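Participant: Chain by chain, the residues:
Number of protein chains: 2
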Amino acid sequence: MRIVIMAGGAGIRFWPASRKKRPKQFLNISGPQPMLLETIERVKPLAGDEDILVVLGREHLAEAQKLLPERKVHLLAEPRSRNTAPCIGLAAVYASVLKWEDPLAFLPADHFIARPAVFLESLKRAAEAAATGAIVTLGIVPTWPAVGYGYIQKTDEYHNSPGREIFQVKRFIEKPDLPRAQEYIRSPDFFWNAGIFIATPATILNAMEDCLPALFKELKKLVASIGSGAFEKTLMEFYQKIPSISFDYGVMERTNLPVFVLPCDCGWSDVGSWASLYALKASQYDAHRNLLEGQVVVIDSRNNYIANQSDRLVACLGLEHCLIVDTPESLLVMDLDRTQEIRKIIEQIEKIGKEDKL
Amino acid sequence: MRIVIMAGGAGIRFWPASRKKRPKQFLNISGPQPMLLETIERVKPLAGDEDILVVLGREHLAEAQKLLPERKVHLLAEPRSRNTAPCIGLAAVYASVLKWEDPLAFLPADHFIARPAVFLESLKRAAEAAATGAIVTLGIVPTWPAVGYGYIQKTDEYHNSPGREIFQVKRFIEKPDLPRAQEYIRSPDFFWNAGIFIATPATILNAMEDCLPALFKELKKLVASIGSGAFEKTLMEFYQKIPSISFDYGVMERTNLPVFVLPCDCGWSDVGSWASLYALKASQYDAHRNLLEGQVVVIDSRNNYIANQSDRLVACLGLEHCLIVDTPESLLVMDLDRTQEIRKIIEQIEKIGKEDKL
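Top to bottom, those sequences are chains A and H. As numbered in the numbering used here, residues 959 to 1316 make up the first sequence, in order. As numbered in the numbering used here, residues 959 to 1316 make up the second sequence, in order.
Just chain A, with the same shape it has in the complex:
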């Protein structure tokens, strides 16, 4: 099986641990290795290095080359970020030039999966369905009424898969409010949209020709230059012309091709905030539900996430529900319930002209 890993994230949500130059996918934030490496390792039973294409921002190419020195994975650098539709279209074009004609799995580089065997089994089943010309998306079985994720509603129509449940998608749903999220998790028809797709390059390009003809036209122009010295220049021109649009919105919600959802209960998390990382690491809590990393002295404190990534000593007393991230260049102290609002801090830092800390 061939895998496309989308590693274009900007990584602002884990500031100050993540920086513009070194976003989340390059950090060992959820496990012992950087998330990009963990994503590559996870699919090893299905795909060797030479079967993997990593699409990433040009500004992170050197970081990726440092991380993958001996590996043979294909690296494809976007000169600027234009959301997922151009990225997936580019990967599909690139894959077809490589003669990768079988279904590709498109995976974000910065997600955590607790049960990789379940996940890989789902990818294999999705590939079977995708080989028939469908676009298959993994539907994560929701475990709590999250308002930070999009949802997928299934129909009751089965795809003709031998004895296994793959459903036609009824609709894609944007991030809901809490009452609707609570309704969704009580129903068996709703799943979290993890942004994981499986389809052949030909299916992707067919769908794009239909839904995003202007983008498709520009993609076609790229084909001849792939592998030639002109590629970088042509790619830059491509990214100057195309609009920023997501694959979900631009293709999945509009295409006339069959779109299926495959329910998957693999212990997925997008690790989208410090709070979700805290939740993920519950097995590492101390007796007072503190998650302590690095040198920390803690007295009479509960429900804190204290990540000391400096060589300093961090001491705390009487704290509740705080996030502390201590790095050599910056210190973040905030309410652990409000880590979704970290963007406000980033904006303020930009406003006072301290972008060098981002």
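One or more of the hints may lead you astray.
Just so you know, same-sequence chains aren't split out, so a pair can sit in one copy or run between any two.
Subject to a maximum C-alpha distance of 16 Å in a straight line, what follows is the list of computed EDC-like cross-link-like pairs (lysine to aspartate or glutamate) [claimed, not checked]:
id: 1; residue 1: Lys1179; residue 2: Glu1167
id: 2; residue 1: Lys1024; residue 2: Asp1228
id: 3; residue 1: Lys1312; residue 2: Asp1269
id: 4; residue 1: Lys1315; residue 2: Asp1269
id: 5; residue 1: Lys978; residue 2: Glu1305
Honestly, the hints are just simulated from the structure, not real lab data. Remember, predicted model here, so these are calculated numbers, not experimental data.
With the hints as your guide, set chain H onto chain A.
Facilitator: For chain H alone, coordinates are given in the frame of chain A:
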């Protein structure tokens, strides 16, 4: 007038800003200059450098010499800390060798005084009474029911001072509980004990001969060596023999000599904790009662004291009532209401063998 400045404090209460090598009196914690210098500057209208004797720990002698390079103040280093009675006795002996026979004011090096003119006027009046052979203590007019200070209760008997109120002391009171403190501040008879005494060297030594005869005997032995090459060795032997005892407990509460209290409303604070420093600096709060020092980005946060003493960026969101002290070697984050408990942190740091951070 001659002044003895007692600068022997260990400075643990302002960790991590204060360190064992550089305690509070050497930090510019309440104003633009180190507290020891501010104490010297404050008494300038009464005493020149050559009229000042600073008693301090030997381990801080180099720091003091660095701080006072051009000054002519007398420095007297204690080889170990034995509380205030030996320190005051030693200063009295030293002063009598210097032929300082008039009343001395004994002042802690690390207190803050908002109205220095009132304070100096009190010292002058106290000296008049002390010249008659009394020990005079300043009684700070209390402004809130503090449980962290000792109190002095006056009698209604006036000292014969021309038209001014100096009272005989009824008793010295240890730190009270809150109900008793509330009672005290409703009465005109109670004052905070600031540890500020005025007496002649002869009076001090008379009182010691009476109340602490063993200490007095050792002090007498020192006299001959003062100013000679043998002084340091003799002083070390002295400090190995004597017990640790406070002047309040050892002398003031026991002496048969007249003990007076002079009420003084000079805006005094012992700056005994981060919280009291926060209270002291109310004029520097932002609109949400945050006290921000150094480079700090703060969003939606109230009643915090954030002291950034590093070159890092500190960012906060959604914090209430926190103390954050960020130094190059250590970081402290704690409940601003509980800064009196900082000793628990110090003990824990000692326990894990990280004394180098103290």
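Participant: If a hint holds in the structure, say so; if it does not, say that too.
Facilitator: To see whether the hints hold, each was checked on the structure:
{"no.": "1", "hint": "Lys1179 / Glu1167", "result": "within (13 Å within a copy, 103 Å between copies)"}
{"no.": "2", "hint": "Lys1024 / Asp1228", "result": "neither (24 Å within a copy, 56 Å between copies)"}
{"no.": "3", "hint": "Lys1312 / Asp1269", "result": "between (23 Å within a copy, 12 Å between copies)"}
{"no.": "4", "hint": "Lys1315 / Asp1269", "result": "between (18 Å within a copy, 11 Å between copies)"}
{"no.": "5", "hint": "Lys978 / Glu1305", "result": "within (14 Å within a copy, 39 Å between copies)"}
The structure fails to meet hint 2 from the earlier list, while all remaining hints are met.
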